[in-house]
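Protein chains: 2
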Amino acid sequence: MTQTSSATVLKGKPVADKLLGELQAAIPGLASRAGRPPGLAAVLVGEDPASQVYVRLKEKKANELGIATFDHRLPAGTPQRDLEALIGKLNADPAVDGILVQLPLPEQIKEEQVLRRVALEKDVDVFHPENFGLLALKQGVLKPCTPAGVIEILKHYEIGISGKRVVMIGRSKIVGLPLALLLLHENATMTICHSRTRDIPAVAREADIVIAAMGKARFVTADMVREGAVVVDVGINRVGEKLVGDCDYEALLPKVSAITPVPGGVGPMTIAMLMVNTVRAFRLHAFPEEIL
Amino acid sequence: MTQTSSATVLKGKPVADKLLGELQAAIPGLASRAGRPPGLAAVLVGEDPASQVYVRLKEKKANELGIATFDHRLPAGTPQRDLEALIGKLNADPAVDGILVQLPLPEQIKEEQVLRRVALEKDVDVFHPENFGLLALKQGVLKPCTPAGVIEILKHYEIGISGKRVVMIGRSKIVGLPLALLLLHENATMTICHSRTRDIPAVAREADIVIAAMGKARFVTADMVREGAVVVDVGINRVGEKLVGDCDYEALLPKVSAITPVPGGVGPMTIAMLMVNTVRAFRLHAFPEEIL
Numbered sequence: 003m004t005q006t007s008s009a010t011v012l013k014g015k016p017v018a019d020k021l022l023g024e025l026q027a028a029i030p031g032l033a034s035r036a037g038r039p040p041g042l043a044a045v046l047v048g049e050d051p052a053s054q055v056y057v058r059l060k061e062k063k064a065n066e067l068g069i070a071t072f073d074h075r076l077p078a079g080t081p082q083r084d085l086e087a088l089i090g091k092l093n094a095d096p097a098v099d100g101i102l103v104q105l106p107l108p109e110q111i112k113e114e115q116v117l118r119r120v121a122l123e124k125d126v127d128v129f130h131p132e133n134f135g136l137l138a139l140k141q142g143v144l145k146p147c148t149p150a151g152v153i154e155i156l157k158h159y160e161i162g163i164s165g166k167r168v169v170m171i172g173r174s175k176i177v178g179l180p181l182a183l184l185l186l187h188e189n190a191t192m193t194i195c196h197s198r199t200r201d202i203p204a205v206a207r208e209a210d211i212v213i214a215a216m217g218k219a220r221f222v223t224a225d226m227v228r229e230g231a232v233v234v235d236v237g238i239n240r241v242g243e244k245l246v247g248d249c250d251y252e253a254l255l256p257k258v259s260a261i262t263p264v265p266g267g268v269g270p271m272t273i274a275m276l277m278v279n280t281v282r283a284f285r286l287h288a289f290p291e292e293i294l
Numbered sequence: 003m004t005q006t007s008s009a010t011v012l013k014g015k016p017v018a019d020k021l022l023g024e025l026q027a028a029i030p031g032l033a034s035r036a037g038r039p040p041g042l043a044a045v046l047v048g049e050d051p052a053s054q055v056y057v058r059l060k061e062k063k064a065n066e067l068g069i070a071t072f073d074h075r076l077p078a079g080t081p082q083r084d085l086e087a088l089i090g091k092l093n094a095d096p097a098v099d100g101i102l103v104q105l106p107l108p109e110q111i112k113e114e115q116v117l118r119r120v121a122l123e124k125d126v127d128v129f130h131p132e133n134f135g136l137l138a139l140k141q142g143v144l145k146p147c148t149p150a151g152v153i154e155i156l157k158h159y160e161i162g163i164s165g166k167r168v169v170m171i172g173r174s175k176i177v178g179l180p181l182a183l184l185l186l187h188e189n190a191t192m193t194i195c196h197s198r199t200r201d202i203p204a205v206a207r208e209a210d211i212v213i214a215a216m217g218k219a220r221f222v223t224a225d226m227v228r229e230g231a232v233v234v235d236v237g238i239n240r241v242g243e244k245l246v247g248d249c250d251y252e253a254l255l256p257k258v259s260a261i262t263p264v265p266g267g268v269g270p271m272t273i274a275m276l277m278v279n280t281v282r283a284f285r286l287h288a289f290p291e292e293i294l
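If you read the sequences in order, they're chains A and B. Per my numbering, the very first residue in the first sequence carries number 3; after that it's consecutive. Per my numbering, the very first residue in the second sequence carries number 3; after that it's consecutive.
Next comes chain A alone, as it looks inside the complex (with noise of 0.2 Å):
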């Protein structure tokens, strides 16, 4: 079968680059009121190459759009308390806005309890289980970046969510579950699949829009979307040189109405709506008497 593709190819970079092209408008009037600008304070221990061009990234984004970064590198051989000195610190600080801390953290350290120790306004990854909670029950104010990346995604490529059959693959803290809660809250009827899931591909044949985030190379194939349906993959894997998602890009391209690539799909929200979330956070912190 040859077919012209009429799927939309689902680009994150206007996406993202509207998003921060508005923060970039609005941050020296907002820092002119506030008399400073926001800011954000990134904690990463030990040396990790990925983490280190992670926090790169996201310093220097931050800095071009006029947001104030703070750099702690801790050795890793860190102790727990004195990485849970320092993140008190920094929720103590006035000109902290945001506090990321990168993760994987070194295996001497609790990750759970350092993540409980970050102020919740200052939770711009939101990590913290109340803030967790409050996302769960629709009361949160920050929204986890991936996962409300790819809300954005979708809106901006106008595709509508309310009463569509969406079928999560994938189940991890930082994607699969606080994505699923965010396209419920957007009323999808909304499916979770994980790896004890007995035919993931029939399931995911049900789809109106099928989200891979399970972290498994090339594993959404054509067989296991319907014509039509829309792919969003949020899986980045290293094969040999290259990147690939989770999904089977050129295989589904003629079959679906949309699909994100990868990379260039969900990758470049990420660090935007981390940037949304420290211009939200400071303006809560700056101006608390205004409602956003």
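Just so you know, the hints here were simulated from the structure itself, not pulled from any lab data. Some clues are possibly wrong.
Copies of the same chain are indistinguishable here, so a pair counts whether it falls within one copy or spans any two.
[Stated by the list, open to error] Listed next, the in silico DSS-like pairs over lysine-lysine satisfying Cα-Cα at most 27 Å (straight line): (1) Lys140 to Lys62; (2) Lys63 to Lys157; (3) Lys218 to Lys140; (4) Lys175 to Lys157; (5) Lys140 to Lys157; (6) Lys140 to Lys175; (7) Lys91 to Lys15.
Mind docking chain B on chain A? Use the hints.
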């Protein structure tokens, strides 16, 4: 078609009685070691007759088991600060292990703010957003009463959950959503339907287990479930003089393999799980060094 039903009637009372019997056997020894009995404080604001009945039933059951109860009745016009001050006192009271704030609260009270005042470790109803977040993240030590009661019923009657397709109809904060999360943790392939779902019957027919929790009398009819499915009815609706569930029990009985009746199904589990949570909170409070 005349057919003798072979459906298992999933009665809650034997399950509740078993759990309550275990508590009753364990409490004297625990109380003697702790030098005090477990303590449950009940806070009731206003004179809602149904709420008065619920609180009385909970206190009666607690007392039968050897749990001390502390009864706090406040007038309907109680201001927010007085209610929060009382909760603050109960949080600090070493004789109190569990605090239940009977809902609904009067109009002038900000319910969310009150529920966030309850100490995490005394939140036996699991209404605090941080406990909700911990539940969602599978890190909670207390589980919400009615949802946990449903899991207990399924386990008691040896109805497997792992890998099953479970369809939840309803997404309330007290039942639908937390129960969906617990079922997901039990490795169900979980679908959540609600008022904006396009074709609830078609979705429900995919399920091995259907959970009805939307509060509409006899909403789930025989054509909405697959032959041999399991049906759990969490609804309680008053129709004239009668209490009926969200399911058309008589019509479903010949078609399903198992079904909870209303009343007598999930109902008895809620108070039983509140007692389980109170004793669990007591143990964590009195013997913090013991791993539960």
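Right, here's what the structure says about each hint:
| no. | hint | result |
| --- | --- | --- |
| 1 | Lys140 to Lys62 | neither (32 Å within a copy, 35 Å between copies) |
| 2 | Lys63 to Lys157 | within (23 Å within a copy, 51 Å between copies) |
| 3 | Lys218 to Lys140 | between (30 Å within a copy, 23 Å between copies) |
| 4 | Lys175 to Lys157 | both (23 Å within a copy, 26 Å between copies) |
| 5 | Lys140 to Lys157 | within (18 Å within a copy, 30 Å between copies) |
| 6 | Lys140 to Lys175 | both (17 Å within a copy, 10 Å between copies) |
| 7 | Lys91 to Lys15 | neither (35 Å within a copy, 53 Å between copies) |
Against the hints set out earlier in the document, violations occur for numbers 1, 7.
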